[in-house]
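Residue numbers (the working numbering), protein chains in the order written: chain A, 1 to 313; chain B, 314 to 619; chain C, 620 to 1160.
Note that these hints are calculated values from the structure, not bench results.
Even for Gly, the Cβ is constructed at its ideal location relative to N, Cα and C.
Mixed in with the good hints there might be a few duds.
For lysine to aspartate or glutamate, the following EDC-like pairs were computed, each having C-alpha atoms within a straight-line distance of at most 20 angstroms [said to hold, decoys possible]: (1) K1114(C) - D812(C); (2) K994(C) - E1018(C); (3) K994(C) - D967(C); (4) K1012(C) - E995(C); (5) K994(C) - E513(B); (6) K888(C) - E1035(C); (7) K994(C) - D1026(C); (8) K227(A) - E737(C); (9) K227(A) - D763(C); (10) K611(B) - E861(C); (11) K645(C) - D904(C); (12) K611(B) - D127(A); (13) K1154(C) - D1144(C); (14) K888(C) - D1122(C); (15) K970(C) - E1054(C); (16) K1077(C) - E1036(C); (17) K970(C) - E506(B); (18) K1114(C) - E1036(C); (19) K1012(C) - E513(B); (20) K637(C) - E861(C); (21) K970(C) - D343(B); (22) K751(C) - D763(C); (23) K873(C) - E859(C); (24) K1114(C) - D1096(C); (25) K1012(C) - E1054(C); (26) K645(C) - E506(B); (27) K651(C) - D628(C); (28) K611(B) - E1036(C); (29) K751(C) - D127(A).
Pairwise CB distance ranges, derived in the manner of DEER restraints [said to hold, decoys possible]: (30) I303(A) - D1026(C): 27 to 35 angstroms; (31) N772(C) - A494(B): 39 to 47 angstroms; (32) K651(C) - P109(A): 45 to 53 angstroms; (33) K611(B) - K878(C): 37 to 45 angstroms; (34) I303(A) - E1027(C): 56 to 64 angstroms; (35) L1135(C) - H610(B): 44 to 52 angstroms; (36) V4(A) - S440(B): 15 to 23 angstroms; (37) P962(C) - A494(B): 46 to 54 angstroms; (38) D299(A) - S642(C): 31 to 39 angstroms; (39) N772(C) - S440(B): 43 to 51 angstroms; (40) I226(A) - L371(B): 51 to 59 angstroms.
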Amino acid sequence: MGLVTLSVVSIIIFSSMELLPGDFGQAVLGQAATEETVAAFRRELGLDQSAVMRYGQWISAALQGDLGTSFSGRNASGVDRSREVIDLVVPRLRNTLFLASVAALIAVPLALILGITTALFRNSIYDRSVNIGTLTTISFPEFFVAYILILFLSSLYPVFPSLANVDSDTQFSERFYRTALPALTLTLVIVAHMMRMTRAAIINLLASPYIQMARLSGATPTEVIIKHALPNAWAPIATVIAFNLAYLVVGVVVVEVVFVYPGIGQLMVDAVSSRDIPVVQACALIFAMTYILLNLLADIIGIVTNPRLLHPK
Amino acid sequence: MSQKQNTYSAVDEVGAVTEQRTFLKRILIDLRKAPYTARFGILIIFIYITVALFAPILSPYGEAEVFPEPYAAWSSTHVFGTDQIGRDIFSRMIYGARNTVGIAVATTVLAFLIGGVLGLAAAINRSYLDQFLSRTVDVLMAIPSLIFALVLLSIFGSTVTNLILIIAVLDSTRVFRLTRAVSLNVVVMDYVEAARLRGEGLGWIMRREILPNILPPLIAEFGLRFCFVFLTIAALSFLGVGIQPPTADWGSMVRENASLIMFAQYDIKAGLTPLLPAAAIALLTVAINFVVDWFLHKTSGLRDEI
Amino acid sequence: MKFNSQNDDVLLDVKDIKIQGFSDEKWHDIVKGVNLTLRRGEVMGLIGESGAGKSTLGLAAMGYTQPGCRIIGGEVNFDGTDLAQLSDVEKRSYWGNRMTYVAQSAAASFNPAHRLIEQTTASTIRAGIKTKSEAYSDAQSLYDALNLPDPNNIGIRYPHQVSGGQLQRVMTAMAMSPRPDLIVFDEPTTALDVTTQVEVLSSMRAIVEEFNTAAIYITHDLAVVAQMADVIKVLRFGEEVEEAATRQMLSHPKEAYTKSLWSVRTLEKPVRAPANSVLSLTGIDAAYGRTKVLHQVNIEVPKGSTVAVVGESGSGKSTTARVITGLLPQSAGSLKFEGKNLPPRLADRSKDQKRRIQMIYQMADTAMNPRQTVKEIIGRPLEFYLNMRGQRKTDRVIELLEMIELDEKFLERLPEELSGGQKQRICIARALAAEPDFIICDEVTSALDQIVQEGILKLLLRLQENLGLTYLFITHDISTVQAIADQVVVMNEGKVVEQGLKDDVFQAPHPAYTELLLSSVPEMDPDWLSKLTQKRSIFRS
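Can you make the complete structure from the sequences, with help from the hints?
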């Protein structure tokens, strides 16, 4: 199922090329481009071949790691200073993964703990205040959270740098220090979502008759959670985590732009502004792939932990 | 009295039956019982609507009127100073309410029209149409919508119409799913079967039997979707690929004035300037979320979060 | 072990217990000061209608309140300790050890993630009563005592791998595993079919007797409680109506309310002589997708009479109704209404044909649009079929309301502002509004309390008398059949087992299935279950 979706998605992303306006070659190469260079450019894009064939070539090349050549750096003079998309993408993908994993490593355990505890003490003062807090955070645009953090932690009290410029030579501790603000922003944003969903999933579960049964057979609250609720909660919790990690993928775009972090999200935004289609396609493909894989993973966890499917009749 | 309890009469049989109330009474009672968060939310939403409607009257200057001094400090002539090319920020904030909120409302309405109609049709039809639509939506939802929007905008270009169309179509997938799901719950009800047995047409069943019953979750969803659309458009504008200048828009205003934030040490007001439009966005979404949260809680506590 | 007033060894003494529940942002009284005394080895039946507070009281006897409820007064003295004063930690040492609980829905009350035997023995092992191996072998002997198939291996299964009746017995084994002093049974057989119920009841009773365990048995079914209890306590609106030993309660109920509970069982309609058929089903086959659910069904419905279709869940009785209404077109066979062929598909039937066949549903809650007022609900068929509008329509709605013993005060009410019985009456009025000849009643009384049931049945009989209606009455409840039917059709596994006049069907000799079904219906005689088990065991050997 995941594979089918992925291939359909790749077709959609590929088709974006098809929808380009006719004079696109002209637009990329500039007004001064001659007829020949435009024609050559069209040939290079393969626009003279059938769409199906081009899709085949594109996808098989992409599978081998060849994502094509960037549009930028070309000009009318015919001197080609453009770079391979793959060279642009890989170092930035590494940066983005670093940022996302730092955020996820803090956010996931924090959200689960908050979600489970608020579910346990629901309607208490603690629950209500966490609830209002997260409801507020959810409503904030990512850049608002980011700028508030910058205002306090970088501008007024310079604790962390406001620009997270890292490169491949940056030391790990230095890298960690510089990514602190973007990671914190992402954490705040997804903790709120994840915590609310975890809370809802647990409350849903605690309402089942077998939980009352467990209480009535003398199980302690901890035992109820660990032994009776948790084995049945993996599927909903996995879905919650996957959903939010997928959300992280999206949030990363804005946050990278705010902090000028050299990640794949910023690359994509730049490419969109300059209409550098091969780069946009490559980035979109990577984002979509991550997203689909995460959701697939959640489905698999859901199936693997479902006793009904584990032990068929 | 005990005698009365022990004999059976249909009219007297009340049990836990509540009083009969008129529609208006119900709303008033609900409002009076609403928590402070919800009342606060309603007030804020009301203020935003007023500002958006009367923007030309309320704002001291024009939307794109340029003054000689860029990045002017806060003063009595320019309440929140001016931006990088010398436009009055306060006026642009007010016009921003009209533009940003207006575009988000238009987008959400469009998304609901597309998603709602198709979702209802899929729930009632339940055959090829349902299969086809559901699979299409599955695929569309497999791509994160911000990413998809970026791809599409890079192809079609960032005009307001494109923006509305693209976001509306992408967002209608979620509306479709919800409408379909809640309609399916209603379609299996005996009263819908009773209407079919009576021989009622499809139009009547959709309008009179199903629609009134799926309305509460859909209204709540409208609030949540609006927030989502609003934030997506703000994010796109912030990234520079959404609403284009010179149209005043809160997302792009944040981006344009972002550099001011580093001056906060020297002039806290200047540092706050880029946060103002961001706060305007945040405040409205918080307000809507509070109202929706209360509404959901009230109409059966359907779900806690999407 | 029958009721014995000399036995003063009191195990449980609940004094003036008051419990409240939280709903609509207010605290409401659920139990308003009830006393309950239970001696060791005694079984008390708690009986009452919905909202009587019987489950709440049963749980309170264990010192437990459901989330959203609280005990605001009274004592729960269990073996000399007031449970209401104990902390949760202290109460936990009683639960699953000295007192255990058997829930209504076994399917939902077992944790799907653990094996049956683990769940059966968990609390016994936790309390340190037995070691794991002792508890496991004890569980196997309990499974055996409860007549579960393959007692040595059934425990390694997961809950979804065994049937509902078996699960309910496993839950009884679980409750018995720590050899408690007290077991609370909360409607344990309500969700089961009658033929399954008999087996579960007799196993439960045997094991409670064997270990001389005290029990509280909560149910709304008088005949069931008559088999299980030594003493019966009747509750209503959170208060005690009366308490007496079972035999005395059955033969001489004191209070009017108790008598009215008993009387519904005795309603019986005199059989009407068969007239010409108004509806006939000939050789009907029907299927959902590939699964065939009806096989060669033939049913004749005489004009002006009531035909009851009886069967357990899955017997095809509701499917028969769907075929008649045209919702599920038959794959073979023919339907004739007043001698003329009725098109199988609803869409092919004329408006008049649709008007003349009406249907009333089991759950009045889901049969009425919660957003429409009574006037709209009843008025729509008038408008749709009979083209009535304005004042004429309103007048007719009021007339119909009066026919169902309600009045014009109800016109503007929404369904949520009606009680269960009133809702079902509105549904009847909606059916009557179409001026039908033939009404299908699908389990119309089974979701209602006994007294309300009686009112609805009497109303239906009176309407039949006055309007000459024909009913097809679908039910699983034999006493309802006694009350309303002229003719009976017994169905099992999609086939008609037997049909004929009520008296003929209910008198021996029966086909084997009818015999099983009829003999499984609990009777008000406290010795019924003993006699039946004896008879069946003789029959088996």
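Under the criterion that the straight-line Cα-Cα distance not exceed 20 angstroms, is the pair K1077(C), E1036(C) satisfied? The hint is violated at about 24 angstroms.
Would the pair K970(C) and E506(B) pass a check requiring their Cα atoms to be no farther apart than 20 angstroms? Holds, at about 16 angstroms.
46 to 54 angstroms was suggested as the range; check whether the CB atoms of P962(C) and A494(B) agree with it. The hint (46 to 54 angstroms, Cβ to Cβ) is violated, given that P962(C) and A494(B) are roughly 34 angstroms apart.
Need the status of pair K227(A), D763(C): alpha-carbon distance at most 20 angstroms? violated, 28 angstroms
Between K1012(C) and E1054(C), does the CA-CA distance stay at or below 20 angstroms? Holds. K1012(C) to E1054(C) sits at ~14 angstroms (cutoff 20 angstroms).
Distance restraint between K751(C) and D127(A), which requires alpha-carbon spacing of 20 angstroms or less: Violated. K751(C) to D127(A) sits at ~39 angstroms, over the 20 angstroms cutoff.
Is it true that the C-beta distance of K651(C) to P109(A) lies inside 45 to 53 angstroms, as the hint says? holds, 48 angstroms
Given the hint of 39 to 47 angstroms, check if N772(C) and A494(B) actually sit that far apart at their C-beta atoms. With Cβ atoms ~41 angstroms apart, the hint holds.
Pairwise hint evaluation, E859(C) against K873(C), where the allowed Cα distance is 20 angstroms at most: holds, 13 angstroms
C-beta pair V4(A), S440(B): status relative to the range 15 to 23 angstroms that was hinted: holds, 21 angstroms
Range agreement (Cβ of S642(C) with Cβ of D299(A), hint 31 to 39 angstroms): 38 angstroms Cβ-Cβ, so the 31 to 39 angstroms window holds.
Between the beta carbons of L1135(C) and H610(B), is the distance compatible with 44 to 52 angstroms? Distance hint for L1135(C), H610(B) holds at roughly 50 angstroms.
In terms of the numbered hints stated before, the structure departs from hints 3, 6, 9, 10, 11, 16, 18, 21, 26, 27, 29, 30, 37, listed from lowest to highest.
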